Amino acid sequence: DVKVTQSSRYLVKRTGEKVFLECVQDMDHENMFWYRQDPGLGLRLIYFSYDVKMKEKGDIPEGYSVSREKKERFSLILESASTNQTSMYLCASSLTPYEQYFGPGTRLTVT
Amino acid sequence: TQLLEQSPQFLSIQEGENLTVYCNSSSVFSSLQWYRQEPGEGPVLLVTVVTGGEVKKLKRLTFQFGDARKDSSLHITAAQPGDTGLYLCAGTGAGSYQLTFGKGTKLSVIP
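Here the protein sequences line up with chains D and H, keeping their order. Quick note: the numbering used here has the first sequence finishing at residue 111, numbered continuously throughout. Quick note: the numbering used here has the second sequence finishing at residue 1111, numbered continuously throughout.
Careful: at least some of the hints might be erroneous.
Capping the alpha-carbon separation at 20 Å, the derived lysine to aspartate or glutamate pairs in EDC-like fashion look like this [claimed, not checked]:
(1) 3(D) with 1038(H)
(2) 53(D) with 17(D)
(3) 3(D) with 1017(H)
(4) 1103(H) with 59(D)
(5) 1070(H) with 99(D)
(6) 57(D) with 30(D)
(7) 1059(H) with 1005(H)
(8) 55(D) with 30(D)
(9) 55(D) with 38(D)
(10) 3(D) with 30(D)
(11) 1057(H) with 59(D)
(12) 1056(H) with 99(D)
(13) 1106(H) with 38(D)
(14) 1103(H) with 38(D)
(15) 1103(H) with 99(D)
Hints were generated in silico from the structure; no laboratory data involved. Please read these numbers as outputs of a predicted model, since none were measured by experiment.
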């Protein structure tokens, strides 16, 4: 079974802090994704990566950056957290152009 | 921009009833996936359909991809409380690694 793990299930940070969200997958997948999920807005793609050190902007990249130094690890960085970044953050990986496998999510609260 | 509309948004039914949820678009998708998400967890992939007219069955769940590959449906027979969750459809365009998600159908099955 594919396993995607995220470093924290719940996180509380203060406005202006730098926040790192880590994601690790164990299936040697080329593609990794970061989404945020908000009520009424669904899942929105922040960034994705189709290879080590490669990254592409998704639909809502503003205020975020990513890092992929190793194939199995994809990090999402909030350079200066703001209250409007309070959300559920979901990481996913895939081998094919579809069939993404999701981690359990990190519920981030910025106060 | 490809959009997927799901209906209904909310569905509350009694255990043992049948139900159908719909996923519609004006765009053609090369594949379509259905996911189920439980509160506080990441989405879990249920099925992928890739051929127009394709029907797949997963125990009491039946998935259909429209002939024109613009729509899909999920039918649940004899719903059980364990079916409760958010059902998401997601599609990929030709040659794309990005999923377009619908906003989901929140199903509650009352014992």
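Legend entry - Given pair status - residue 1005(H), residue 1059(H), alpha carbons within 20 Å: The given pair, whose Cα atoms are some 25 Å apart, is violated under the 20 Å limit.
Legend entry - Given hint residue 59(D) paired with residue 1057(H) - CA-CA distance at most 20 Å: violated (33 Å)
Inset, instruction - With a cut-off of 20 Å on the C-alpha distance, tell me whether residue 1106(H) and residue 38(D) pass. - result: holds (14 Å)
Inset, instruction - Please work out if residue 3(D) and residue 30(D) have their alpha carbons no farther apart than 20 Å. - result: Holds. Residue 3(D) to residue 30(D) sits at ~14 Å (cutoff 20 Å).
Inset, instruction - Take the C-alpha atoms of residue 57(D) and residue 30(D), compute the straight-line distance between them, and say whether it is at most 20 Å. - result: holds (16 Å)
Inset, instruction - Please work out if residue 55(D) and residue 30(D) have their alpha carbons no farther apart than 20 Å. - result: With Cα atoms ~12 Å apart, residue 55(D) and residue 30(D) stay inside 20 Å; holds.
Inset, instruction - For the pair supplied as a hint, residue 53(D) and residue 17(D), confirm whether the alpha-carbon distance does not exceed 20 Å. - result: Given that 20 Å is the threshold and the Cα spacing comes to 25 Å, the pair is violated.
Inset, instruction - Would you mind confirming whether the straight-line C-alpha gap from residue 1103(H) to residue 38(D) stays at or under 20 Å? - result: holds (10 Å)
Legend entry - Hint consistency between residue 1070(H) and residue 99(D) [alpha-carbon to alpha-carbon, up to 20 Å]: holds (18 Å)
Legend entry - Pair hint outcome, residue 55(D) versus residue 38(D) [Cα-Cα no greater than 20 Å]: Violated - the C-alpha atoms of residue 38(D) and residue 55(D) are around 23 Å apart, more than 20 Å.
Legend entry - Pair hint outcome, residue 1056(H) versus residue 99(D) [Cα-Cα no greater than 20 Å]: holds (15 Å)
Inset, instruction - Measure nothing beyond the straight line between the CA atoms of residue 1103(H) and residue 99(D); if it is 20 Å or shorter, mark the hint as holding. - result: Between residue 1103(H) and residue 99(D) the Cα gap is close to 18 Å, so the pair holds against 20 Å.
In the structure shown, a violation is registered for the earlier hints numbered 2, 3, 7, 9 and 11, in ascending order.
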